[in-house]
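Asks: Assemble the complex: chain P is given as a structure, and chain U must be docked to it using the hints.
Protein chains: 2
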Amino acid sequence: MTANTQLLGISNAIVDILAHVDQDFIDQIGAVTGAMNLIDEDRARDIYEKMGPATEISGGSVANTVAGFANMGGSAAFIGHVRKDQLGEIFNHDMRTLGVDIRLEPAKIGVPTGRSYILITPDGQRTMNTYLGSCTELGIADITVDTVGEPKAILLEGYVWDVAEGPALVRKAMNIAADIGASVALSLSDSHCVDRHRESFLEAVKSGVHIVIADDDEIGALMQTDTFEDSVAAVAEYDNLFVLTRSERGSVIVHRDKHVVQEATPVDKVVDSTGAGDAYCAGFLYGWANDWPLDECALIGTYCATRVIQQLGARIEPGLLDDYSPGVSDSADS
Amino acid sequence: MTANTQLLGISNAIVDILAHVDQDFIDQIGAVTGAMNLIDEDRARDIYEKMGPATEISGGSVANTVAGFANMGGSAAFIGHVRKDQLGEIFNHDMRTLGVDIRLEPAKIGVPTGRSYILITPDGQRTMNTYLGSCTELGIADITVDTVGEPKAILLEGYVWDVAEGPALVRKAMNIAADIGASVALSLSDSHCVDRHRESFLEAVKSGVHIVIADDDEIGALMQTDTFEDSVAAVAEYDNLFVLTRSERGSVIVHRDKHVVQEATPVDKVVDSTGAGDAYCAGFLYGWANDWPLDECALIGTYCATRVIQQLGARIEPGLLDDYSPGVSDSADS
Numbered sequence: 009m010t011a012n013t014q015l016l017g018i019s020n021a022i023v024d025i026l027a028h029v030d031q032d033f034i035d036q037i038g039a040v041t042g043a044m045n046l047i048d049e050d051r052a053r054d055i056y057e058k059m060g061p062a063t064e065i066s067g068g069s070v071a072n073t074v075a076g077f078a079n080m081g082g083s084a085a086f087i088g089h090v091r092k093d094q095l096g097e098i099f100n101h102d103m104r105t106l107g108v109d110i111r112l113e114p115a116k117i118g119v120p121t122g123r124s125y126i127l128i129t130p131d132g133q134r135t136m137n138t139y140l141g142s143c144t145e146l147g148i149a150d151i152t153v154d155t156v157g158e159p160k161a162i163l164l165e166g167y168v169w170d171v172a173e174g175p176a177l178v179r180k181a182m183n184i185a186a187d188i189g190a191s192v193a194l195s196l197s198d199s200h201c202v203d204r205h206r207e208s209f210l211e212a213v214k215s216g217v218h219i220v221i222a223d224d225d226e227i228g229a230l231m232q233t234d235t236f237e238d239s240v241a242a243v244a245e246y247d248n249l250f251v252l253t254r255s256e257r258g259s260v261i262v263h264r265d266k267h268v269v270q271e272a273t274p275v276d277k278v279v280d281s282t283g284a285g286d287a288y289c290a291g292f293l294y295g296w297a298n299d300w301p302l303d304e305c306a307l308i309g310t311y312c313a314t315r316v317i318q319q320l321g322a323r324i325e326p327g328l329l330d331d332y333s334p335g336v337s338d339s340a341d342s
Numbered sequence: 009m010t011a012n013t014q015l016l017g018i019s020n021a022i023v024d025i026l027a028h029v030d031q032d033f034i035d036q037i038g039a040v041t042g043a044m045n046l047i048d049e050d051r052a053r054d055i056y057e058k059m060g061p062a063t064e065i066s067g068g069s070v071a072n073t074v075a076g077f078a079n080m081g082g083s084a085a086f087i088g089h090v091r092k093d094q095l096g097e098i099f100n101h102d103m104r105t106l107g108v109d110i111r112l113e114p115a116k117i118g119v120p121t122g123r124s125y126i127l128i129t130p131d132g133q134r135t136m137n138t139y140l141g142s143c144t145e146l147g148i149a150d151i152t153v154d155t156v157g158e159p160k161a162i163l164l165e166g167y168v169w170d171v172a173e174g175p176a177l178v179r180k181a182m183n184i185a186a187d188i189g190a191s192v193a194l195s196l197s198d199s200h201c202v203d204r205h206r207e208s209f210l211e212a213v214k215s216g217v218h219i220v221i222a223d224d225d226e227i228g229a230l231m232q233t234d235t236f237e238d239s240v241a242a243v244a245e246y247d248n249l250f251v252l253t254r255s256e257r258g259s260v261i262v263h264r265d266k267h268v269v270q271e272a273t274p275v276d277k278v279v280d281s282t283g284a285g286d287a288y289c290a291g292f293l294y295g296w297a298n299d300w301p302l303d304e305c306a307l308i309g310t311y312c313a314t315r316v317i318q319q320l321g322a323r324i325e326p327g328l329l330d331d332y333s334p335g336v337s338d339s340a341d342s
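In order, the protein sequences belong to chains P and U.
Going by our numbering, the first sequence opens with residue 9, and the numbers climb by one from there.
Going by our numbering, the second sequence opens with residue 9, and the numbers climb by one from there.
A couple of the hints might just be wrong.
Copies of one chain are not kept apart here, so a pair can be met inside one copy or by any two copies together.
Derived DSBU-like pairs: lysine-lysine, alpha-carbon spacing no greater than 35 Å straight-line [to be verified]: (1) Lys58 x Lys116; (2) Lys58 x Lys160; (3) Lys266 x Lys58; (4) Lys277 x Lys116; (5) Lys214 x Lys160; (6) Lys92 x Lys58; (7) Lys180 x Lys92; (8) Lys277 x Lys214; (9) Lys92 x Lys116; (10) Lys214 x Lys266.
Because the hints were derived from the structure by calculation, they are not lab data.
The following block holds chain P by itself, in its conformation from the complex (with noise of 0.2 Å):
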């Protein structure tokens, strides 16, 4: 079952917990508008009290990406940390029933499921608010040959940094890496999450990480730069494949001296904008694991995100790439 996997997700299990709010609730609960706020569980309680009706959706951004691996057709692990509890059922079946392998037992003790509660404020902005809960208890016992397996490539992100085993494990998934031959991709989640974690961060990325994917917010926050031509500049220096996001301006590929431009496709209506990034992610990688050219990575990353900001939430519904071909997306230039 792990001889064939593509993509190898190791990350926080989060179901998204959304709903509407003005910008007072923001203001008034205090957290930061736009950015990942992690929270314990009194606050947790705390706003969930105040706030209004919700959805539930499962998320997390490397099991989005992972999601939309699989749910292309690709193959596709997941190694994160839910309780055995309803919502830790609910992550895992949302995964499972695309083809996802679970790598991990629910846990039967602990705390619970991790989620987030996510604010959405009228102009369209989110701020999340995150008890990480059963993801904390993610350590480096979790990741060992058997569960690791032998993927083509184990997808990481900043946010498991913010675990209290996550810069061990993560570096222990490294490590296996190494011995298997396996590529792994580094996602930089946001970029407070990399002010809290750069020197570590650097350090992952000059050993061990081969593909580096940020918006131009976290490269620069990494690369210390301020403008998103000088952050290419800087990442030329190093020898990883870089993968860089930047919404409606498109995404720019560099590896070295070679400089793949792929524009955003123009659209209508942007329905719902969260979860662009992991759907390019899962795009790319799935462009990158069939070995295509990098245009058509970006291509393909770029065709997902497009869809993925047309639909209500941040995972890319079944059948949505039923009529992508390689080559002739609806991409405005190529």
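Replies: Just chain U now, kept in the frame of chain P:
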């Protein structure tokens, strides 16, 4: 807290679990397309394992109506049975946060909170597969002068009859209503449900129920009539107030020889027809509870239904009715 309650709902507490499927899937699991299929725990597990990624959102017909009623500013309460688990917490949160007074504590033992696996086919039809779970434990002991309080009206629905102690607890609620001078409204749920419990429904309509809420299929099943015109003639023989909805054909209110005909409001696009009847009921009862004339009750009911079919999900979102002025809706004709 109970003295000023306008509307008390007594019914099933259900979390909807929605996923898109093709017609083959419905055929394969042997469900009746477009109907509410009652399922047991084993079948619930089987269907959930087979169905795709889902979205969770609080549901239940009476609960939707009570939530909408509170959302409009009405004073509302609910008696329903959930287990003390995460789905139960979600259900109660989504009610409480609208100001609905939840009258029962979650059960610390017993089967898990009820849920309905709602399968949406490409033609927009919804096939419900409902595992009642903790709802089946709602019993006559839960209906007391304390839990009922002194509402202006009690809303029941046909599905309550599917619960073991349903008929008995409904009778107890009607007796308490008679003692305190509260009105009783009964929503007929669906025509299959009417077929299951027709005699008992007729008895309730003749003694205890004041307002009957039904669509054309349901009232046809209850009155054993073939056409809507025949149903209207048949219900005029009863003393009850009948609220009859007909989707895009509008609604008709019948009270003996008094008729109010309300046209539907044309919409460009039906996003999701789920909850149209529940929303109509919320609006109508809101007007009724505030002693509005019947034509204005029908008007605001239509307004609510028109709004809810233009959004995803069965419940009216907070703020959706902020711009409603009595008598100045966007209804075509009134």
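Asks: So, for every hint listed, does it hold in this structure?
Replies: Status of each hint after checking the structure:
In this homomeric assembly, Lys58 and Lys116 come within 35 Å of each other (Cα to Cα) both inside a single copy, at 30 Å, and across copies, at 24 Å. Proximity of Lys58 and Lys160 under a CA criterion of 35 Å is satisfied inter-copy only: 28 Å between copies versus 44 Å inside one chain copy. Proximity of Lys266 and Lys58 under a CA criterion of 35 Å is satisfied in neither setting, with 50 Å inside one chain copy and 45 Å between copies. Taking identical chains as interchangeable, the C-alpha atoms of Lys277 and Lys116 are never at most 35 Å apart, the minima being 44 Å within one chain and 46 Å between chains.
Within a single copy, Lys214 and Lys160 get their C-alpha atoms as close as 20 Å, which meets the 35 Å cut-off; across copies the closest is 70 Å, which misses it. When the C-alpha separation of Lys92 and Lys58 is checked against a cutoff of 35 Å, the pair qualifies both within a copy, at 26 Å, and between copies, at 20 Å. For the identical chains of this complex, Lys180 and Lys92 are intra-copy neighbours only, at 26 Å inside a copy versus 39 Å across copies, given an alpha-carbon limit of 35 Å. In this assembly of identical chains, the alpha carbons of Lys277 and Lys214 never lie at most 35 Å apart, being 40 Å within a copy and 53 Å across copies at closest.
Proximity of Lys92 to Lys116 under the C-alpha cut-off of 35 Å is found in both arrangements, the shortest distances being 5 Å within a copy and 17 Å between copies. Taking the shortest Cα distances, Lys214 and Lys266 sit within 35 Å of each other inside one copy (19 Å), while across copies they are farther apart (81 Å).
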